[in-house]
Amino acid sequence: MNPTKVKSIISLFGPFLALIVVYAIFGALNPRFFTADVALNILTQTVIVATAAIGMTLIIISGGIDLSVASILALCGVIAAWLVARHVDPVLVFCGTIAFGAFCGFCNGSVTVWMKLMPFIVTLGTMQIFRGSAKVFTNGTPINLPPEVTTWKAWMGGSGLPHGVWLMLGLVIFFTLILRYTRFGRHIYAVGSNELTATLCGLPVARIKIFVYSIGGAMAGLAAIMNMAKSSQGDPTTAMGMELDIIAAVVIGGASLSGGEGSVLGALVGALLMTTIRNGCVMNGIPTPWTEVITGAIIVIAVIIDRLRHKRA
Amino acid sequence: MLLTVVRPMTQEKLPATARLSMQGIRKTFGPTIALGHVDLAVLPGEVHALVGENGAGKSTLMKVLSGAHSADAGVMFLDGVPYQPRNPLHARAQGVGMIYQELSIAPHLTVEENIVLGMEPMMGPFVNRREMRNRAMEALAHFDHPDLQPNRLAGTLSVSAQQLIEIGRSLAMGCKLLVFDEPTSSLAQKDIERLFLLIDRLKAQGISIVYISHFLEEVKRLASRLTILRDGSAIATRDVASTSPEEIVSLMVGRDVNDLYPRSERMRGEPILEINQLAGKSKPQDASLTLHRGEVIGIAGLVGSGRTEFLRTLFGLDAVAAGEVKISDVTSNNNSPAARWKQGIGMLSENRKEEGLALGLSIADNITLSSLDRLGRLGYVSPAEMKSRSARWIEKLGIKCQGPQQRIGALSGGNQQKAALARLLEHDVDVLLLDEPTRGIDIAAKARLYEAIDEIVADPVRPRSVIVISSYLPELFGICDRIAVMSRGVLTEAVPVHEITAEDVMRVATGKSDTLTHFSSL
Numbered sequence: 001m002n003p004t005k006v007k008s009i010i011s012l013f014g015p016f017l018a019l020i021v022v023y024a025i026f027g028a029l030n031p032r033f034f035t036a037d038v039a040l041n042i043l044t045q046t047v048i049v050a051t052a053a054i055g056m057t058l059i060i061i062s063g064g065i066d067l068s069v070a071s072i073l074a075l076c077g078v079i080a081a082w083l084v085a086r087h088v089d090p091v092l093v094f095c096g097t098i099a100f101g102a103f104c105g106f107c108n109g110s111v112t113v114w115m116k117l118m119p120f121i122v123t124l125g126t127m128q129i130f131r132g133s134a135k136v137f138t139n140g141t142p143i144n145l146p147p148e149v150t151t152w153k154a155w156m157g158g159s160g161l162p163h164g165v166w167l168m169l170g171l172v173i174f175f176t177l178i179l180r181y182t183r184f185g186r187h188i189y190a191v192g193s194n195e196l197t198a199t200l201c202g203l204p205v206a207r208i209k210i211f212v213y214s215i216g217g218a219m220a221g222l223a224a225i226m227n228m229a230k231s232s233q234g235d236p237t238t239a240m241g242m243e244l245d246i247i248a249a250v251v252i253g254g255a256s257l258s259g260g261e262g263s264v265l266g267a268l269v270g271a272l273l274m275t276t277i278r279n280g281c282v283m284n285g286i287p288t289p290w291t292e293v294i295t296g297a298i299i300v301i302a303v304i305i306d307r308l309r310h311k312r313a
Numbered sequence: 314m315l316l317t318v319v320r321p322m323t324q325e326k327l328p329a330t331a332r333l334s335m336q337g338i339r340k341t342f343g344p345t346i347a348l349g350h351v352d353l354a355v356l357p358g359e360v361h362a363l364v365g366e367n368g369a370g371k372s373t374l375m376k377v378l379s380g381a382h383s384a385d386a387g388v389m390f391l392d393g394v395p396y397q398p399r400n401p402l403h404a405r406a407q408g409v410g411m412i413y414q415e416l417s418i419a420p421h422l423t424v425e426e427n428i429v430l431g432m433e434p435m436m437g438p439f440v441n442r443r444e445m446r447n448r449a450m451e452a453l454a455h456f457d458h459p460d461l462q463p464n465r466l467a468g469t470l471s472v473s474a475q476q477l478i479e480i481g482r483s484l485a486m487g488c489k490l491l492v493f494d495e496p497t498s499s500l501a502q503k504d505i506e507r508l509f510l511l512i513d514r515l516k517a518q519g520i521s522i523v524y525i526s527h528f529l530e531e532v533k534r535l536a537s538r539l540t541i542l543r544d545g546s547a548i549a550t551r552d553v554a555s556t557s558p559e560e561i562v563s564l565m566v567g568r569d570v571n572d573l574y575p576r577s578e579r580m581r582g583e584p585i586l587e588i589n590q591l592a593g594k595s596k597p598q599d600a601s602l603t604l605h606r607g608e609v610i611g612i613a614g615l616v617g618s619g620r621t622e623f624l625r626t627l628f629g630l631d632a633v634a635a636g637e638v639k640i641s642d643v644t645s646n647n648n649s650p651a652a653r654w655k656q657g658i659g660m661l662s663e664n665r666k667e668e669g670l671a672l673g674l675s676i677a678d679n680i681t682l683s684s685l686d687r688l689g690r691l692g693y694v695s696p697a698e699m700k701s702r703s704a705r706w707i708e709k710l711g712i713k714c715q716g717p718q719q720r721i722g723a724l725s726g727g728n729q730q731k732a733a734l735a736r737l738l739e740h741d742v743d744v745l746l747l748d749e750p751t752r753g754i755d756i757a758a759k760a761r762l763y764e765a766i767d768e769i770v771a772d773p774v775r776p777r778s779v780i781v782i783s784s785y786l787p788e789l790f791g792i793c794d795r796i797a798v799m800s801r802g803v804l805t806e807a808v809p810v811h812e813i814t815a816e817d818v819m820r821v822a823t824g825k826s827d828t829l830t831h832f833s834s835l
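Quick mapping for you: the protein sequence lines, in order, are chains Z and X.
What the first sequence shows, in my numbering, is residues 1 to 313, in sequence order.
What the second sequence shows, in my numbering, is residues 314 to 835, in sequence order.
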């Protein structure tokens, strides 16, 4: 096997290996950790972050960043809950929320591209705008789902694998194929790797970027529905700080913040890794502050490993 | 693993006074032998050129000299004293200064702070500013450059002035040996002249200089002796005056190079690209040109004359302010790179690293980037197709790599450039716009590019056409059918190469004449 291939396999399985090791360590500390219930719990808890992280992966590969993702999630969440409370058909709730998320992403993308601004600053601003809008929309109080509506329970709970987990896995496969086997996917990598080259080669750089931010917003909208299904409400203060978990999942999964690299499978593994650590710490009675320290350390280690990998290349 | 082999001084007829003597230097990286067994001796006050293809081991040898790498075997002496640099700063303290190809100055610090960087004169915990100023002034006295004020921010200076700061840094340390690695690659012509005069002065002061360059003219102009490296070994050391360029090239490449610029029978066909009074925002101001099928037109001119802007405007990368572009007799209404590719025009950027290639992506990705839609239907991109198409160009152009999936950033400059050209060939364009296609690449890769250009232009079935920008006139005269000169944003008429000389071109380029004709015919 040639070295190039070996390298790409390592970069894909590195985070996966870390996940297995962490899982094994917690299992060794507490055998109850190896039960199906815990595994199911971890998968379910990962759905929200992972779904949003799929969109974030595309944005980060294209060389951008979206700090407003958790705010889009909150805003879409209250809109979804509002629609559900008005007994709108679930299909329309899905369509409407995702479309609204895509619109938020479109705003991020178009301001960034047309005004030629740094996405970090633009989305730092829209983070506040979307969060504030969610609070304005609900007068600061959560919108509870009517108790008689039970359609949403099965998405994030119930018996067996919740729909949300299937959705997450399906999206990972879908976007892996998009990134790897379509022109659009290769264009995202090219724009993130070197925007000038992409322009030279006649790629529609602006359109690609705006589209990528829109997909990121749509995924945040989808994550918002899962979040609503889980908590049975639309809370404007939900998912505070979750943008950092989402970005961390993408980076742990092997993406480079300077663009041109990353995979949605990696992002899924990154998200799983963080949920596993949180669950493992809880089950082993490790206090929350220590969980934070450990999670933070994992992120730093992931970045260091990434750095070393690049140095060798 | 330092200094395991000690060889007797008698093996070469070295004067005892050699400023630098490197003996039996060996360096390996894993299984790769970067330097086999290299001897090099540099005399006091000598400019010693080091030439060789990319990958021949020049940079590794210089990294050993500067302490960035430690040798696996071999010894070094500086003025007869054993010399073992631990790192570049240590090397500089001992008298060996490096002037790198990519400048290493801190743009937010002042000139004087840059000069003493890492060696700041201290007074207790504070920098001794007066001493710093004195040292900087002393170093700057060598240059006589009006912009080089000690308290000016380095980032506000021109590239050539920044380079002088680097040189000043070494001089301030009292370096006796300076290494110049491709120092002219980012300089304009008049700055090159100034640099050469400076090197002459330094030489006269007894400072020894190792000069690395791809340009044999520079070697001829500056150096008294040269050492040729090939495949990690020093092949020969010669007197520059008694060695012909052909001999040097043959030694570098390892085979006879009879004709660097091949020229097959070319059939000039119908006009394929007509440019009428094209103007950009500031440059070009007025450029008209008609390119025929099966023809190579060269654009000469000074750096900054608007040559690059002309190609960029033509390709739609810069905005078109006025003028008309006709492709195969059809006026183009859409001036964007995407439209140009569709019209069968491709461009190779002069800036390979920053614009030409996506260095983080694979060779295959880079070659097929503009023509992904041909690798499958409905937006599908077949990895197998991408790989096989790229593999064909890797084979055809002799791109040295591990395979199509290798990251293109890992290749040498020459091989990167072949891949950049392969993108245009893979897209199968009719018109190739090449901006400085051979900048910074070695002679073997150049020869390969010239061959490839000649082959597509002389193609009997579908001859392609080329517009090429180059600062290197022998190259333009070698590969072009006609040459036009850009001067202050205005392009002259294109004239057949056999009707003019390099002097005629320079006269127009430097503004001494407006029309490109042979001098004697005036």
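Hints are supplied without guarantee of correctness; some may be wrong.
Pairs of lysine-lysine residues, derived as PhoX-like cross-links and limited to a Cα-Cα distance of at most 25 Å, are as follows [as the list claims (entries may be wrong)]: (1) 153/Z / 230/Z; (2) 533/X / 594/X; (3) 713/X / 655/X; (4) 116/Z / 666/X; (5) 713/X / 503/X; (6) 639/X / 116/Z.
Keep in mind the hints are simulated off the structure, nothing from the lab.
Keep in mind it's a predicted model, so treat the numbers as computed, not measured.
Okay, which hints does this one fail, numbers in order?
2, 3, 5 and 6
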